[in-house]
Amino acid sequence: MADAVLLNVVLYLPLLGTAALLAVPSRREDAVRQVSLAVMLVQFAITAWLYWRFDPAAGLQFETRIPWIPGWGVNYQIGLDGYNLLLVLLTAFLGPLVVAGSFTAIRKDTKLFYAMVFLVQFAMLGAFVAQDLFLFYLFWEAMMIPMFFIIGIWGGERRIYATLKFVLYTAFGSILMLAAVIYLVYSLYASAGVASFAFADLYRVRLPLPVQTLLLAAFGLSFAIKVPIVPLHTWLPDAHVEAPTAGSVILAGVLLKMGTYGFMKLGFPLFPDATQLLAPVISTLAVVSIIYGACLALVQTDIKKIIAYSSISHLGFVMLGLVSLELIGIQGAVIQMVSHGLVAAGLFLLVGMIYERCHTRDLAAYGGLAAVMPVYSVFVALLTLAAIGLPTTSGFTGEFLVLLGAFTAAWPQYERGVAYPLVVSASAVAGVVLGALYMLSFAQRFLFGAVKAPHQPLRDIDFREKIILASLVVVVFALGIFPAEPMRKTELAAREFQQLVLTSRAETRVADVRGSPGPQRAPVADSASKPTIVPR
Amino acid sequence: MLIAVAMALFALGLLGVIVRRNMLVMLMCMELMLNGVNLSLVTFAQQTASAAGAVLVLLVFVVATAEIAIAIPIVLLLVRRKHVMDLGAYADLKG
Amino acid sequence: MSHAQSLMVALPLAGFLLNGLGGNVLGKRFVSFVGCGLPIIAFGVALQCLADLTAREGTPLVETAYAWTIIGGRSFEIAFYFDRLTAVMALIVTGVGSLIHIYSMGYMKDDASYARYFAYLNLFLFFMLMLVLGKSLLVLFVGWEGVGLASYLLIGFWFEDADKARAGKKAFITNRIGDAGFLLGMFVLFEAFGTLDMDVINGAFLGGPISAVSASLVGILLFIGATGKSAQIPLHVWLPDAMAGPTPVSALIHAATMVTAGVYLVARMSGIYLHAAEASAIVAAIGATTALFAATIAIVQTDIKKVLAYSTISQLGFMFVALGVGAYGVAIFHLYTHAFFKACLFLGAGSVIHALGGEQDIRKMGGLARKIPVTFATFAVATAAIAGLPPLAGFFSKDEILWFAFASSRGGSPLLYGVAAGTALLTSFYMFRLLWLTFFGASRMTPEAARHVHESPMPMTGVLVVLAVLSAIGGFLPVPHYLEPLLPLPPVPPELQHVETTLVFVSVALALAGLVGVVLVYGGTGERAARLGRNFPLLHRVLFGKYFVDEAYDRLITRPLYWISDRVFLRLGDQRILDGSLNGLAALGQRGAALLSRIQTGSLHLYALLVVVGIVASLAWSWRHG
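Taken in sequence, the protein lines are chains A, B and C.
So my numbering is basically just the index in the first sequence, starting at one, shifted up by 285.
So my numbering is basically just the index in the second sequence, starting at one, shifted up by 295.
So my numbering is basically just the index in the third sequence, starting at one, shifted up by 172.
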């Protein structure tokens, strides 16, 4: 009971933080910064407590359910389960890092900036913990507005173009999703007579396969834009490059996971038959993302773009793991989500630090930094290795389990023994090699060789920056060496996800209108029955 | 018969609004339209022996008066700006 | 359950952390003490484990450290395993490793990044021990990638030089390509057996080939990983470039331990290879080809370390030939002896370079025998060992390989023997050439180098002597016999048995022929060598240019990759097509809006007309559909 209240506290703390900021006079910038950091640290502490209290065997926990619009079946329903636990923790963990990392980077309108960061935090957490589709959609849309301002006000030169592209692209997907949401809820109402937006109820809707496919496409488009999946990715490099450091960290660290979370919580479980039908297509797109993202990262000259394209590549692994429908792949995908959040956040923070010193993101302007900024270089090397997926880092845990899962994928619609999983994993493994190539090429030109940088002499990173980076690196290695504990907490959700996606929920075909019985499909058993294949 | 007159009044007024370029003349034509409507309302009231039409006429009178009270000063202010009564000169809101 | 193996693994890790985090602060003596002391203790622990193993008559010691993760009831554990093969490997790794650590104390004495060097070296040892002690392919893979990392860090140790840093990157990427094959092999095995435990997998193959998984496919995939790590064709290109690192690194990583990981992998998974005839044939073929290929390149190289690098590739090829014909124990035997003499050679080369103040070109050496006698003596012993002169170590192991290459009924053939024997001849030749040009004849040194020449300090020469002694007597250790319960020797058809002694004599003859050849060609003024070079210019260019493999890879793979990524994916795909269509849609929207806004003429008449038209239309419509 108390924990449920705490979850609400975690959610609304950023809003209270915004209110608290209003009370601080704009002139006292240091006070603004300290208040912001304090709020974020408290939020993280409470979230860590909830994580520790989370019971792996109990499903949805810390639930709050208050009727909101009874006529439509909309409730204010939030809770923690294995799906969002790690992502909520990641969001709360990155909060103080984002705030602390912006201390020296944001010089004008500081109060407004931190208010915007709080609002984004609020919206992202809300989207993760929402268990009601209306509430989820609300938060999903709400995320855009503060991000629009963060990129648009404190961003780089082409910030208006980048932020407009970002928002309009995402909004386009969201509109389609809205239409799908309405149709879905209406279907539930038409078939079961009860209007409800709750996830638990929507998981039981039965729809014919063509309808499922259309709805999956609508939901999927919105999520695919967010992930992003090639070819819907072109907003990402621009958004990352023009955003301020904090914006990039939030974007790469959490916002991109919204897309994969959407697939995992909504897209695939709501439309299982369509997912099974389209599984090869989705995994092909995932592999394309992996390789295309990696190839593009090879030829970039802007440091932030390299990391942006590497994000596309890494999240391709997540999609590959999710759609493998194997427990190993699904758990791997979850870990890869968290791992990428940490590693990408770290890399963007590093770029931000060097940008503050040298004011350029051109890779050609840098060289031999390991000689003049040794501590900084150690962190660059460590995070680069994590991005490459070196064993003992979280990147390895994620990638290895995803690839293993993808290789052993058994989709019920398609016969086992088909060479498809082999082709898919062979291509994905090529992604592993390319990943090493572009990250090491970047590290090479950046850290080694003759010393070259604008505005020398450069000062190495200070205490604040060291703490930020060290916290990230410690968690990265912890996830790499001891992933058992987090995975224990998410196992139930992974099983549930697999169960939901493998259980067919297509409507039975009714007889032909002209009187003669049309092709009958045997009525599929109740959705609570055993799945069509035995999961491994 | 009276209906025909009312319709003629209305049509003439409408034509005037569309065709004429002088602002005051346009206003006068709009009055013509309103009067045409009034006449038809009174005729209907008399034909159906109900008072509703007559009440409406009173309403129309009030609205027309209010409208003229606002319209003439607007025209006055506009003309003070540009010293021209021709409506073609006032296309500032285009695009 | 004892924790000896976990301790063995943890000691170098502790060394890495201590030296890495505190080394700069705590001074060189602390770094040396920790950096060398911990590996020596690890060697002691390995000996203890060997004693335990012997007491149990070969039953393996198993230790589970912890469960890495558990998914769906299947557990991936970090566990260690000590059996006879592990014992051999662990002793080499910790033993030769410790010796090289001690040598490094002298070699890197004046380097500013002394602490970082020992930290990396300890890190390498940690991962290498994980590799050999691992019970499952997962733990092995962790060690496998980890030594790749350590190798990257150590090759590019002097990173201020961009070329050296690039060499490290090349090593890592080439290894990664091999790792891709390794990963796929692991996946196939996991899918078939539900576990990555090597013992279980080998055991499953005991009864014969399994239908669920193609042994040859797995064999080939795992071998791809081995080619990457052990520098066989086509992934051999990183090893010569890796000579950019400090010489003790070359000795440890690129001679004695890391590159032998591939050999260890194949030997460890012998259960699969016994039933994978095609895969074994490929292993032997690639091993033989690589051995010959590298040997031909070595005979014209002029950098002392490059000669040794190609020699390593060649000797690894020998080991794979042995593996390919089913003589797993013999391959490990050669791994063992090779560790001794190759480490001795590399460290000796390091001593020469140190003595000459940095010179590595053998054309600028000569006449050093009397000036640096200890280095010379140890180098000579090791050279004789690698050439295969009895009774030194190399003779025994190489001879066994040649014998099984000829006679094994699991793939031995006269052709294979011919290639191997030819390589042995070339090996003897180029090694004696190296010895001759470096130490004998008139001095071709530059005056500064000549003045600088001095014998190396005690840590360095002491280790050289130990290794030379081991190269001499190491052949008497009955390693294949010791490993027989685990890795049985392949059967030999009885009609060939008698050929064995003949082949022994042939081996000795080949070794002596190499020596004689060198004396003939390079003796005296060395004019005959120069004449040979002039008479065969094309051949010399091809050999000196390493058959232009690097250039071919660059033209065929690297440049097209970058070209496609830039031109096709970035410019055409991302910018023109995707962004173009997006921006085009936005432009469409804007132009459409501009078009529509033309109605806003500002003319009231038009608006009034439109209102009337609208009213008339709606009236008409409602009348129609009334």
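Hint data in this document are derived by calculation from the structure and do not stem from the laboratory.
Please note: incorrect hints may appear among the correct ones.
Claimed, not checked - Here are the simulated EDC-like pairs of lysine to aspartate or glutamate, each with C-alpha atoms no more than 20 Å apart in a straight line: (1) C:536 x C:627; (2) A:737 x C:627; (3) C:281 x C:332; (4) A:737 x C:335.
What the hints assert, rightly or not - One side of the interface only, derived from the structure: several residues of chain B facing chain C at Cβ under 10 Å: (5) 312; (6) 314; (7) 386.
Unchecked claim - Ranges of calculated distance between the beta carbons of each label pair, as one might list FRET restraints: (8) C:715 x A:389: 26 to 36 Å; (9) C:762 x A:641: 53 to 63 Å; (10) A:394 x B:354: 48 to 58 Å; (11) C:762 x A:433: 47 to 57 Å; (12) C:762 x A:297: 39 to 49 Å; (13) C:730 x A:389: 35 to 45 Å; (14) C:751 x A:314: 24 to 34 Å; (15) A:740 x C:751: 42 to 52 Å; (16) A:314 x C:749: 43 to 53 Å; (17) A:762 x C:216: 44 to 54 Å; (18) A:355 x B:372: 47 to 57 Å; (19) A:759 x C:284: 27 to 37 Å; (20) C:627 x A:659: 32 to 42 Å; (21) C:205 x A:337: 36 to 46 Å.
Just so you know, even glycine gets a beta-carbon here, dropped at the ideal spot from N, CA and C.
Quick rundown of the hints versus the structure:
In summary, the hint linking residue 536 (chain C) to residue 627 (chain C) is supported, as the alpha carbons are separated by about 18 Å, within the 20 Å threshold. As the CA atoms of residue 737 (chain A) and residue 627 (chain C) are separated by approximately 39 Å, the hinted pair breaks the 20 Å bound. The hinted pair formed by residue 281 (chain C) and residue 332 (chain C) meets the criterion: a straight-line CA distance of about 19 Å does not exceed 20 Å. Under the criterion of a C-alpha separation no larger than 20 Å, the hint pairing residue 737 (chain A) with residue 335 (chain C) is consistent with the structure, at around 16 Å.
Taking 10 Å as the C-beta contact cut-off toward chain C, the hint placing residue 312 (chain B) at the interface holds, the least distance being around 6 Å. The beta carbon of residue 314 (chain B) comes within 8 Å of a beta carbon in chain C, closer than 10 Å, and the hint placing it at the interface holds. With 10 Å as the threshold, the beta carbon of residue 386 (chain B) comes within range of chain C, its nearest partner Cβ sitting at about 3 Å, so the hint holds. Taken as a hint, the range 26 to 36 Å is violated for the pair residue 715 (chain C) and residue 389 (chain A), whose Cβ atoms sit roughly 58 Å apart.
As the Cβ distance of residue 762 (chain C) to residue 641 (chain A) is approximately 37 Å, the hint placing it in 53 to 63 Å is violated. About 55 Å separates the C-beta atoms of residue 394 (chain A) and residue 354 (chain B), a value consistent with the hinted range of 48 to 58 Å. A beta carbon spacing of about 20 Å between residue 762 (chain C) and residue 433 (chain A) contradicts the range 47 to 57 Å that was offered as a hint. Between residue 762 (chain C) and residue 297 (chain A) the Cβ separation comes to about 41 Å, which falls inside the hinted range of 39 to 49 Å.
Between residue 730 (chain C) and residue 389 (chain A) the C-beta distance comes to about 40 Å, which sits within the given range of 35 to 45 Å. Between residue 751 (chain C) and residue 314 (chain A) the C-beta distance comes to about 38 Å, which lies outside the given range of 24 to 34 Å. Between residue 740 (chain A) and residue 751 (chain C) the beta carbons are some 32 Å apart, a value that contradicts the proposed interval 42 to 52 Å. The hinted window of 43 to 53 Å between residue 314 (chain A) and residue 749 (chain C) holds, with their beta carbons roughly 45 Å apart.
Taking 44 to 54 Å as the suggested C-beta distance range, the pair residue 762 (chain A) and residue 216 (chain C) does not conform, at roughly 29 Å. For residue 355 (chain A) and residue 372 (chain B), the hinted distance range of 47 to 57 Å is satisfied, since their beta carbons lie about 54 Å from each other. For residue 759 (chain A) and residue 284 (chain C), the Cβ-Cβ distance of about 29 Å falls inside the hinted range of 27 to 37 Å, so the restraint holds. In this structure, residue 627 (chain C) and residue 659 (chain A) meet the distance hint of 32 to 42 Å, their C-beta atoms being roughly 35 Å apart.
For residue 205 (chain C) paired with residue 337 (chain A), a C-beta distance near 41 Å keeps the hint of 36 to 46 Å intact.
The structure fails to meet hints 2, 8, 9, 11, 14, 15, 17 from the earlier list, while all remaining hints are met.
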